[in-house]
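Colleague: Residue numbers (the numbering used here), protein chains in the order written: chain A, 57 to 158; chain B, 2 to 169.
If you're looking for bench data, these hints aren't it; they were derived computationally from the structure. This structure is a prediction, so every number in the text was calculated from the model and none was measured. From the three backbone atoms N, C-alpha and C, an ideal C-beta is built for every residue, glycine too. Each hint should be verified, as a subset may be incorrect.
[Said to hold, decoys possible] Lysine-lysine pairs mimicking DSBU-like chemistry, simulated, CA-CA at most 35 Å apart:
#, chain 1, residue 1, chain 2, residue 2
1, B, 28, B, 164
2, A, 152, B, 28
3, A, 152, B, 164
[As the list claims (entries may be wrong)] Partial list, derived from the structure: chain A residues whose beta carbon lies under 7 Å from chain B:
#, residue
4, 58
5, 72
6, 128
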Amino acid sequence: MIGLVHYLTLAAILFVIGVYGILTKRNVIALLMSIELMLNAVNLNLVAFSRYIQPDVLTGQVFAIFSITVAATEVAVGLALVFRVYHDHHTVHIDKLNQMRW
Amino acid sequence: MDELSYNIAFYILAAMTVASAIGVVTKPNLVHSSFLLALCFIGISGLYVLLQADFLAAVQILVYSGAVAILIVLGLMLTQRSSMENTNQNSGWRRGTLLVCGCLLLVILIVIGATPWHYSSAPAAQDTPSVIAQLLLTDYMVAFETAAVLLLAAMMGAIALAKGGKEE
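This is chain B alone, in the form it adopts within the complex (with noise of 0.2 Å):
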């Protein structure tokens, strides 16, 4: 790809992200929030593969625009008893809490811009997806492990919490 290219790429995607994230905290009803926040996912799938990174591109689409965004609506049409409308209120001081994160970004930038980063000039990797299994099942064996054991103790967890036990 060339580079122009790959520029006008970057900044729709990162205004279609930025946008839409922007609209998850500010949209009044929740729904239209859920729905761009699956949107926003989608925009960060769309950056990892300018990133080169083309497995988690489609583990950004599968889990968090498959899964997480549509767990996260039907959590709210199971806990929303009337309509929707002005069901994602403010609460009253969003001008300190603007100021507080409008500071936070200020500090991050700063950051961002006074470290000196020691970029690599190697070619990426190739057919992430083997080079990924490789390293799980080599390197990362122990964490690959304990993300299945933790899988499963969420998966209980969630089960048991959501049914309830009865209290004696």
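For reference, chain A alone in the conformation it holds in the complex (with noise of 0.2 Å):
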């Protein structure tokens, strides 16, 4: 039987291959796909609740609207931030974008 645990269990490796991508990556745009991932595995585990904890009411899934309104603005805000580091600098490698560091 499929429950609970399991969807989350999902979830939880989802989220961790998505940190994974985050330390590992170096190119910004890798960062933003790692990010949309972990968003991904949050939002799963907001459905999931909601079927299995209360699913007479939908309040998990109209949470998981507002995430992913909120991944959606980012992704777009992001990839700008991205198109004008790379006017500037032309690299969008993280190794090479250092000017902020001190």
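Assembling the complex is the task here: the two chains are given apart, and the hints tell you how they should meet.
Modeller: Pasting the structure below:
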């Protein structure tokens, strides 16, 4: 019987894959992709809670909708920033984008 | 849907989602990564269907696979000069990162296993779009309008950032 624990485990695996991507990738757009993976894992958690803890009120699904909205704006602004950085520095490699380090 | 086919569907979709997510972070070519990301989003929308969240499944395909993944591909094409080979490099210390991520996964799984969940046996809400619309325009009215303002602000901010003003 597939239950809440299965969905939570799957979401945990997806989230950890996203964390791994964030920590190892060296291209800004790859970092954005990893962030999207983590946000999707959280949305999956919200929907699974909504289905198994309170299936009659859809609060979890409404939360997931707001989360999707914020994720969409995040990727739009993030990509605009990437374009700007690429325009100014001609690279999206984060090891070379270290002017703000000190 | 009877239980056996539900289980089979869950495991197929879960395997597809996890495999494509692993592909996203391990493929050396960023274009492959972004298409695998779209596949991963489609797998998650299938899981939403299994969770009887049909409206969210549609939104997931529209917004994530349709908009976010394509936007990322566009961003890739505009910021890579030469070939796409080897654009998705890893940093040096992969082993330490794997260890950290494994520990994180272990902790999350232990917490999931140790938490006493209070399941509800009520049937899932049917016809979710109308219920969600009702909720959005009554209980979550303020949050809904705030999300609209956020979208507008993000749109203007993205245009301003990407276009770039004159620095006097």
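Colleague: Each hint needs a verdict: does it hold in this structure or not?
Modeller: Do the hints match the structure? See the list:
1. B:28 x B:164: Holds - the C-alpha atoms of residue 164 (chain B) and residue 28 (chain B) are around 31 Å apart, at most 35 Å.
2. A:152 x B:28: holds (22 Å)
3. A:152 x B:164: holds (23 Å)
4. 58: holds (5 Å)
5. 72: holds (4 Å)
6. 128: holds (6 Å)
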